[in-house]
Amino acid sequence: VTAANAARGRSIVVFAEHVAPDVARVLDLAGYSWKGVTSSDEAAENAPTDGWVGAIIDCRDASEAAWAFARNLRKEDVTIGVMVLIGGGQLGDLDLRDDLFDDFCLMPFHPTEFEARVRHLLWSNTGDTDVRSDVVEYGELMLNLETYQATIAKRPLDLTYMEYELLKFLAQNPGKVFTREILLSRVWGYEYYGGARTVDVHIRRLRAKLGEEYANLIATVRSVGYRFGQSRWG
Amino acid sequence: MLDQHRDYVLRTVEERGVRLVRLWFTDVLGNLKSFAISPAELENALEDGMTFDGSSIDGFSRVQESDVLAVPDPDTFELIPWSEPGAAEARVFCDIQSLDGTPFQGDPRQVLRRHVQAAHEQGLTFYIAPDIEFFYFEQPTKGSQRPKPLDHGSYFDLTTRDAAGDLRKETIRKLEQMSIPVEYSFHEDAPSQQEIDLRHTDALTMADSVMTFRLIVKEVAASQGVHATFMPKPLEGVQGSGMHLHMSLFRGDDNAFFDGDDEHQLSPLAKSFMAGLITHAAEITAITNQTVNSYKRLVPGFEAPVHVSWARNNRSGLIRVPIAKKGNPLATRIEYRSPDPGCNPYLAFSLLLAAGMRGIEQGYELPDEADANLFEMDDASLAKLGIQQLPQSLSDALRVMERSELVYEALGEHIFEWFLRNKRREWRDYKTHVSQFELDRYLGSM
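Same order as they appear, the protein sequences are chains A and B.
With my numbering as the guide, the letters of the first sequence map in order to residues 1 to 234.
With my numbering as the guide, the letters of the second sequence map in order to residues 1 to 446.
Keep in mind the hints are simulated off the structure, nothing from the lab.
Cβ atoms here follow ideal geometry from the backbone N, Cα and C, with glycine treated the same way.
Keep in mind that a hint or two might mislead.
To give an idea of the chain B side of the interface with chain A (calculated C-beta under 10 Å), a few residues [what the hints assert, rightly or not]:
hint, residue
1, D3
2, Q4
3, R11
4, D75
5, E176
6, R199
Pairs of lysine-lysine residues, derived as BS3-like cross-links and limited to a Cα-Cα distance of at most 30 Å, are as follows [to be verified]:
hint, chain 1, residue 1, chain 2, residue 2
7, A, K35, A, K75
8, A, K75, A, K176
9, B, K218, B, K174
10, B, K169, A, K154
11, B, K174, A, K154
12, B, K296, B, K384
13, B, K33, B, K296
14, B, K218, B, K148
15, A, K168, B, K174
Work out the full structure: start from the sequences and follow the hints.
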């Protein structure tokens with residue numbers, strides 16, 4: 001087992017203020033090569049030549065920084081397997097963040113369970129069965145997440161960065177209703193000070209660019225917020 | 001965050017085959033300036049800015065150092081919808097910095113940034129929606145100086161084979177392609193006069209949008225052999241072109257101008273802001289109305305304001321408080337009616353915000369509403385109500401501005417001094433010009 005795990009492409013990055021002794025012990029015993037980091041920069045500096053194959057992100061302390069780390073990882077490399085470690089009270093934090101992780105483990109964990117989850121994460125991620133799609137499609141709309149390009153009915157959409165990010169988030173979560181506040185925090189980030197009106201302004205711009213025929217892809221849900229595509233209730 | 005914006009821009013340039021990136025900025029008089037770089041230079045430009053010689057840009061000259069840096073703002077990166085097929089072009093607005101990386105004092109965009117930032121520090125976001133009027137004329141031919149309207153339509157007219165209507169439609173399409181949504185567009189009162197109303201957005205984005213708007217209107221018109229102009233009063237005897245500004249301040253998601261308990265639904269903050277505008281209106285008029293011609297619009301009888309007053313539904317006053325549709329708190333706003341579309345939007349928005357914020361900080365009292373028709377009142381009655389007039393000429397406006405500590409602080413010494421110098425020269429040139437009016441009137445009879 002140890003020999004196999006030490007082969008190339010088995011390096012894991014662990015994001016944590018302090019790597020929990022249990023986590024370190026399981027990874028060491030299973031023979032993984034891993035490195036604890038506290039920032040995206042540190043992860044990039046220490047990456048092996050063939051890149052990290054998995055990431056374990058401890059969200060219990062400094063959870064905002066941890067989610068920001070996850071988001072950065074996804075931007076850099078959509079294929080990396082990501083597991084988040086959370087406390088029981090944090091399950092709600094997983095809502096609407098499905099794009100940011102592949103698996104999660106509740107803390108405190110059972111060491112055998114954790115090891116099994118890590119093994120499965122890396123298996124599904126290095127096996128050729130996994131081709132994570134970097135294309136989001138909905139009807140005539142297509143977004144290529146790798147090249148940042150969007151098309152509607154094969155016509156390229158010329159979007160500003162924030163328009164693109166907003167459309168991407170909506171198209172990745174079709175049928176769900178989002179409040180302005182959620183859109184603001186998920187697309188703009190918490191540090192933005194413009195208020196939820198910014199969301200309305202960008203929705204209008206997006207509709208104008210989608211053109212009359214497709215403007216209704218983004219529906220206004222009265223006194224709640226916005227929904228992309230059909231409601232899942234039909 | 002910034003890194004991702006940069007990546008997005010670079011990747012888009014690559015994917016869309018952009019051949020030329022135009023770096024846009026604005027001089028002190030509000031003219032759009034541009035220079036182009038190749039995509040290969042873009043990464044470097046985003047990182048470090050591009051050096052250029054600013055000495056020949058209006059208001060950029062300095063005694064010691066003429067080089068400045070144009071630093072692209074990646075949020076404003078857009079493909080230009082009228083570029084040649086197969087040779088895509090993009091534009092990006094720039095902030096101008098001195099070579100040491102500090103904001104350049106002569107850059108109007110940096111001035112507005114500073115004011116918007118100051119409001120943010122108080123938790124406030126400044127929103128603006130402008131109604132912009134302009135004229136279409138036949139392309140001027142040599143020898144004929146008089147502008148020729150395309151039609152003699154009037155307010156809201158829908159004429160058959162309306163050339164202007166087609167131009168408007170194409171203009172709106174291009175505006176929306178460049179992230180500038182339009183609320184209304186229609187034929188205005190005067191022959192060949194148009195109005196396009198933009199949807200509200202934050203002041204800095206809106207100033208950029210106004211710059212883009214003026215270019216697109218002219219560009220679309222020129223492509224059909226038509227001349228579009230934002231000159232405030234191109235035709236005598238009909239109304240001129242204004243740029244009414246609908247303004248509000250938001251605190252997070254709440255409209256800080258709204259108060260459901262007030263009879264006008266205006267909060268104390270809104271009233272102090274209005275009082276600030278009214279107190280300092282005369283001082284900022286040289287910036288909101290910056291040409292000799294601007295003051296030929298600000299006369300009685302043509303729906304332009306002449307008096308410094310406010311009212312809910314009186315279009316003769318400087319500030320109107322429109323009734324919000326269905327009492328919607330988010331739509332509560334004030335409309336400031338004197339600016340014309342020939343102003344520098346960055347500086348005009350800066351001064352409006354500075355004057356309003358001064359009113360808030362010092363707790364100015366809002367004078368009573370003036371709901372009578374002020375044009376029908378004589379000077380004595382106006383004086384009794386304490387209602388002042390806006391400056392009557394560029395010269396008047398400059399004189400008031402020169403004494404204004406508010407305008408001096410808000411613009412900074414560099415722009416303040418340069419603007420006064422430049423505009424005094426304009427006034428001197430105008431004053432020494434012998435006009436057709438004088439020749440017609442005096443040459444024969446005297």
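Failing hints, ascending? none
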